[in-house]
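Student: Starting from the given sequences, assemble the full structure and let the hints guide the process.
Numbered continuously in this note's numbering, the sequence shown closes out at residue 581.
Hints are not guaranteed to be accurate.
What the hints assert, rightly or not - Calculated pairs, DSBU-like style, for lysine-lysine (alpha carbon to alpha carbon, straight line, at most 30 Å):
#	residue 1	residue 2
1	LYS366	LYS435
2	LYS339	LYS366
3	LYS514	LYS544
4	LYS437	LYS339
5	LYS544	LYS435
6	LYS544	LYS581
7	LYS514	LYS437
8	LYS544	LYS339
9	LYS462	LYS289
10	LYS437	LYS462
11	LYS298	LYS339
12	LYS366	LYS425
13	LYS514	LYS435
14	LYS581	LYS366
15	LYS339	LYS462
16	LYS425	LYS435
17	LYS514	LYS581
18	LYS425	LYS544
19	LYS425	LYS514
20	LYS298	LYS514
21	LYS581	LYS298
22	LYS514	LYS289
23	LYS437	LYS425
24	LYS437	LYS544
25	LYS366	LYS462
26	LYS514	LYS462
27	LYS289	LYS339
28	LYS298	LYS366
29	LYS514	LYS366
30	LYS462	LYS435
31	LYS289	LYS366
32	LYS514	LYS339
No lab work stands behind these hints: they were computed from the structure. Here the structure is a predicted model, which is why all the values come from computation and not from measurement.
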Amino acid sequence: VTTCHILRERGMRLATMAMVMSATFPTRSSGGRLAFSLCQLSTPKSRTRSHLRLFATTRLVDDMLYRVRQVNNVPDDIRAKLLDFVVDGKVLGKVTPNTAQLLESVLPDVPAFEIASGTPCTSPTVLTLSKHAGTTPESRTHAVAQAMEFLREQGVVKGWRDEMYPVTDSFYSEPTFVIERAAASLLGVVEYGVHINGLVQDQNGNDKDRLQTNDIKMWIARRSLTKSKFPGMLDHLVAGGQPAHMGLMENVIKECEEEAGIPEATTSRGIQAGGAVGYESFHNDRISSVVLFCYDLYLPDDFIPKAVDGEVHEFFLWSVDELKESMRPDYHDPIKPNCYLVIIDFLLRAGLVSPEIPGYLDLARELRSGPFK
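Tutor: Next up, the structure:
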C-alpha cells in the first residue's frame, strides 16, 4: 500500500500530509523501497487534534503574556531618564524628573525632599531627603507625611487609605521611614502585598500536588462599585497591601477575615505559600514597583465567603477553563490587571500549562521581572 494511496483514501490536504509524514518512521519493504506502515498513518485525525490543542495552548500563553505585560509596562525611554530616590546611600525608589522637581518644591520653607548629585552607584542626579527631614525613621516619616498631606490637598495624591507602607531597601530590613499607601508610587518605592487564590478542589481522589483541569475551581470577587480604584472589577477572593510592622501570615489571616469572612482556623488549615510575583508599571508620571506574595487557600466545598468590610460586591466560583478564557485581550469582564499575574503563576505551578508550549519561559521570567529585594 503506497503512502499516496492512503492519503487519497483519507482525503488529507497537503499541509496535513506533511505533518503526518514528518511524524512517521520509514521501514524497508521486501523490494528494498521505503514504505510507511498502515498503523503509522492510521491516526491523522488524532494528530490533527493534537496540533489544534497545541495551537490553542500556544494562544493561551500569548494571552497570558499580554496580561503580564499590561502591568509590566515601563517604556525604555522613560526608564532611561529615571532618578534614583536615595537615602543614606541606599536606593529606595525611582522617580521621573518632573516628579522630583514637584517634590522638591513642596513646602519650600521646610522641604522634605531635594535634588542632589548622584554617585557611581546611582543615577547621575538623585532625589533624596533634605536636612529638614532629620535622620531618624520617626522624623523622616513626619517630614514626608507633611509633604504628602500638602499634595493630597492639592489633588496630587488621591485615594488616601490611612495605611502605612514601609520604605526600605529590602523587605527584610527595618524601614527607613513609613509612608501613606496612596503616596508610595509618588516615590517609586517597592510596594508589597498579599494575594490569595481561594481554591475549591474536587475530593475524588486527587491531591493538591496533582491537579486536573476539571477538579479545581477558584473563588472570584467582584469589587465594590464604590471603590476608588477599579470599581466593580473582578478580583481575587482576598488581597491586600502589606502594612508596616505586620507579618505576612498575620496580614493574610486579617485580610481573609475582613474581606471574605473566613475564620482564622479555616485559613490556618488551608493556606499554602506559593511564592511571589513582581512588576513595574508607569502611569500618570509615576513608577509603581510591586511585589505580591502569593498564597493558595484550599477551602471546604461547602464554605461560602461573605463580604464583611464592604469592599466586595459579590463572590462566585470559576473553573480553570473560565480563568483561561478571561486571559483573552478582548474578554468582556476581565479581572483586575495585577491579579492575573498571581493567577497565571498558580496555573503554572499547578502544571495546568505545559512548559513545552512556546512562550512558557518568557512567561515564567516576566512574572518575576519586578523589584525583588
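Student: All the hints need checking, so say for each whether the structure fits it.
Tutor: Verification of the supplied hints:
At most 30 Å may separate the alpha-carbon atoms for a hinted pair to count; LYS366 and LYS435 meet this at roughly 12 Å. At roughly 27 Å between alpha-carbon atoms, LYS339 and LYS366 fall within 30 Å of each other, so this suggested pair holds. For the given pair, LYS514 sits about 20 Å from LYS544 by alpha-carbon distance, which is consistent with the 30 Å threshold. For a cut-off of 30 Å, the pair hint linking LYS437 to LYS339 is broken: about 35 Å separates their Cα positions.
For the suggested pair LYS544 and LYS435, the alpha carbons sit about 13 Å apart, so the restraint of at most 30 Å is met. As the CA atoms of LYS544 and LYS581 are separated by approximately 24 Å, the hinted pair is consistent with the 30 Å bound. The suggested pairing of LYS514 with LYS437 holds, with an alpha-carbon distance near 21 Å, which does not exceed 30 Å. At most 30 Å may separate the alpha-carbon atoms for a hinted pair to count; LYS544 and LYS339 exceed this at roughly 40 Å.
As the CA atoms of LYS462 and LYS289 are separated by approximately 40 Å, the hinted pair breaks the 30 Å bound. Under the criterion of a C-alpha separation no larger than 30 Å, the hint pairing LYS437 with LYS462 is consistent with the structure, at around 21 Å. As the CA atoms of LYS298 and LYS339 are separated by approximately 16 Å, the hinted pair is consistent with the 30 Å bound. At roughly 36 Å between alpha-carbon atoms, LYS366 and LYS425 are farther apart than 30 Å, so this suggested pair is violated.
For the given pair, LYS514 sits about 17 Å from LYS435 by alpha-carbon distance, which is consistent with the 30 Å threshold. Taking the CA atoms of LYS581 and LYS366, the gap is near 27 Å; set against the 30 Å cutoff, the hint holds. Of the pairs offered as hints, the one joining LYS339 and LYS462 is violated, with about 38 Å between alpha carbons and a cut-off of 30 Å exceeded. Taking the CA atoms of LYS425 and LYS435, the gap is near 26 Å; set against the 30 Å cutoff, the hint holds.
The straight-line distance between the Cα atoms of LYS514 and LYS581 is roughly 35 Å, outside the 30 Å bound, and the hint therefore fails. Straight-line distance between C-alpha atoms of LYS425 and LYS544 comes to about 18 Å, which keeps the hinted pair within the 30 Å bound. Restraint check: the Cα-Cα separation between LYS425 and LYS514 comes to about 17 Å, which is no more than 30 Å; the hinted pair holds. Taking the CA atoms of LYS298 and LYS514, the gap is near 43 Å; set against the 30 Å cutoff, the hint is violated.
The hinted pair formed by LYS581 and LYS298 meets the criterion: a straight-line CA distance of about 12 Å does not exceed 30 Å. A C-alpha spacing of about 46 Å is found between LYS514 and LYS289, which places the hinted pair above 30 Å, so the restraint is violated. Distance hint between LYS437 and LYS425 is fulfilled; the C-alpha atoms sit about 26 Å from each other, no more than 30 Å. Restraint check for LYS437 and LYS544: the C-alpha separation of about 10 Å stays at or below 30 Å, so the hint holds.
Restraint check: the Cα-Cα separation between LYS366 and LYS462 comes to about 25 Å, which is no more than 30 Å; the hinted pair holds. For the suggested pair LYS514 and LYS462, the alpha carbons sit about 14 Å apart, so the restraint of at most 30 Å is met. Pair hint LYS289 plus LYS339 holds up; C-alpha atoms about 26 Å apart against a cutoff of 30 Å. At roughly 27 Å between alpha-carbon atoms, LYS298 and LYS366 fall within 30 Å of each other, so this suggested pair holds.
With a C-alpha separation of about 28 Å, the suggested pair LYS514 and LYS366 falls inside the 30 Å cut-off, and the hint holds. Among the hinted pairs, LYS462 with LYS435 is consistent with the structure: their alpha-carbon atoms are about 20 Å apart, no more than 30 Å. As the CA atoms of LYS289 and LYS366 are separated by approximately 25 Å, the hinted pair is consistent with the 30 Å bound. This hinted pair does not check out: LYS514 and LYS339 have alpha carbons roughly 49 Å apart, beyond 30 Å.
Violation of the numbered hints given earlier is confined to hints 4, 8, 9, 12, 15, 17, 20, 22, 32; the remaining hints are satisfied by the structure.
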